[in-house]
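S.K.: Sequence:
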Amino acid sequence: MTNFLKLNIFNISFLKYIPILLLVLLAYIASAQDSVAVQVDTICVSRDLSDVIRSAMHKPPKVKTEESSSLLVIPIIGSNPATGFVFGVGGQYAFKMPEATLYSMISGSAQVSTKNQYIFMLKNNIYSKRERFFYSGDWRFLIFSQPTYGLGTNSPEGGILDYQYNLSGLETSDDSLAQPMKFNFFRFHQSMGIKISKGMYLGLGYHLDAYSDIVDEKLRLNPGDTLITSHYAHSTSYGYATDKYFSSALNISFTIDTRDNMINARDGYLASIGWRGASKLTGNRTNANIFQVEWRSFHGVSKRNPNHLVAFWLIGNFSPEGDFPYLILPATAYDQRGRSARGYVQGRFRGNNLVYGETEYRFPISSCGGVLTGVAFLNATTANNPAQSLNLFKSIKPGYGFGLRIAVDKHSRTNLAIDIGFGDKSGGFYLAAAETF
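Per the working numbering, the very first residue in the sequence shown carries number 315; after that it's consecutive.
Keep in mind the hints are simulated off the structure, nothing from the lab. As the structure is a computational prediction, the values presented were derived from the model and not from experiment. One should not assume that every hint holds.
Unchecked claim - With a Cα cut of at most 25 Å, we get these calculated SDA-like pairs of lysine to any residue:
1) Lys-410 <-> Ser-593
2) Lys-443 <-> Gly-519
3) Lys-724 <-> Gly-519
4) Lys-512 <-> Ala-414
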């Protein structure tokens with residue numbers, strides 16, 4: 315559940331130096347915070363927003379148990395050139411199943427824009443009784459529009475529109491080379507993990523991604539007035555329809571998860587490897603495969619304050635050239651929570667192979683156990699483009715930013731997250747429940 319406010323005012327010449335300066339700042343803050351923690355921190359007694367409000371009203375803290383559930387509902391309000399004015403509502407429900415030690419989570423949102431865009435999302439991550447099974451789902455329906463720029467993290471540089479526009483003698487820019495598209499998108503991803511050992515699950519699932527009513531707004535096929543887009547070129551090159559297509563796939567995964575809390579982890583790691591096969595047996599035109607790997611780890615930097623830590627996130631998606639239609643190819647911010655590549659619009663980078671990495675420094679703002687914490691993050695994306703012989707890591711796009719966290723439920727560790735991110739000629743504002751990863 316995320317609301318984006320895309321800004322296009324961050325074309326700053328010193329952008330490439332910001333990540334270096336931010337790393338220096340993080341190192342300084344980490345050193346200062348840890349020094350203060352050693353001197354003055356005591357055993358942290360966690361507080362959340364309700365505790366602060368009740369204290370201000372001279373009321374005792376509300377008594378809740380560790381097994382209590384929590385519900386967070388927030389408004390979604392924003393505006394950007396791609397969507398116009400956006401409003402809606404989002405929420406997250408955290409709970410524990412009987413005889414389970416770990417929290418489960420269901421989240422979702424409904425949004426509408428003044429440009430007739432409609433977004434409905436529902437996510438589930440649920441541990442069964444005694445955590446014998448783990449269910450994970452990502453359900454979406456979008457009546458949507460968004461620009462694409464071609465494949466590879468160097469897009470649109472050297473892309474198909476760049477080539478055509480240069481032939482016409484016109485000046486090119488990222489905005490002029492954007493390829494706006496309209497489409498309906500339906501996603502049903504649901505899997506079940508079977509516990510084979512503590513924190514270890516073997517998963518089996520089904521993934522359906524379907525695009526319909528695709529309108530490639532910049533495409534022109536009239537004789538003497540032709541403009542070929544990246545979507546059209548990819549679709550016709552590999553034999554896909556240009557107005558609708560789908561991927562119906564089985565998913566097999568193996569996951570090790572030692573995190574102490576998936577909503578807001580302070581310790582442990584998640585390691586996952588998976589295969590998604592879209593075969594003729596499941597209704598596809600051809601057989602297609604994609605391999606997926608993911609790593610998340612969380613490392614405390616203060617023995618006294620658990621809100622002081624460094625976290626790492628790595629995603630890799632790898633598929634053979636031509637196996638999937640254009641919009642189904644791996645792309646940024648299409649992970650389950652839609653949180654990758656803060657600082658860029660959804661789908662900004664796309665390729666049949668894509669690797670994404672992020673590190674986030676989380677630090678206390680309030681005194682030990684307080685309501686306010688902060689984050690600072692760096693991320694990087696690389697995607698390939700076989701048509702340009704652009705391999706992974708040949709072009710890398712960084713992003714960076716910072717955010718504020720407000721504790722709304724201390725037992726499930728649910729935070730209200732407010733972030734601002736910056737990328738190359740790009741930026742975004744993000745309002746969400748729970749952490750990015």
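S.K.: The structure should be examined with respect to each hint, and the outcome stated for every one.
M.R.: Each hint tested on the structure:
no., hint, result
1, Lys-410 <-> Ser-593, "violated (37 Å)"
2, Lys-443 <-> Gly-519, "holds (20 Å)"
3, Lys-724 <-> Gly-519, "violated (33 Å)"
4, Lys-512 <-> Ala-414, "holds (12 Å)"
Checked against the numbered hints given earlier, the structure breaks hints 1 and 3 and satisfies all the rest.
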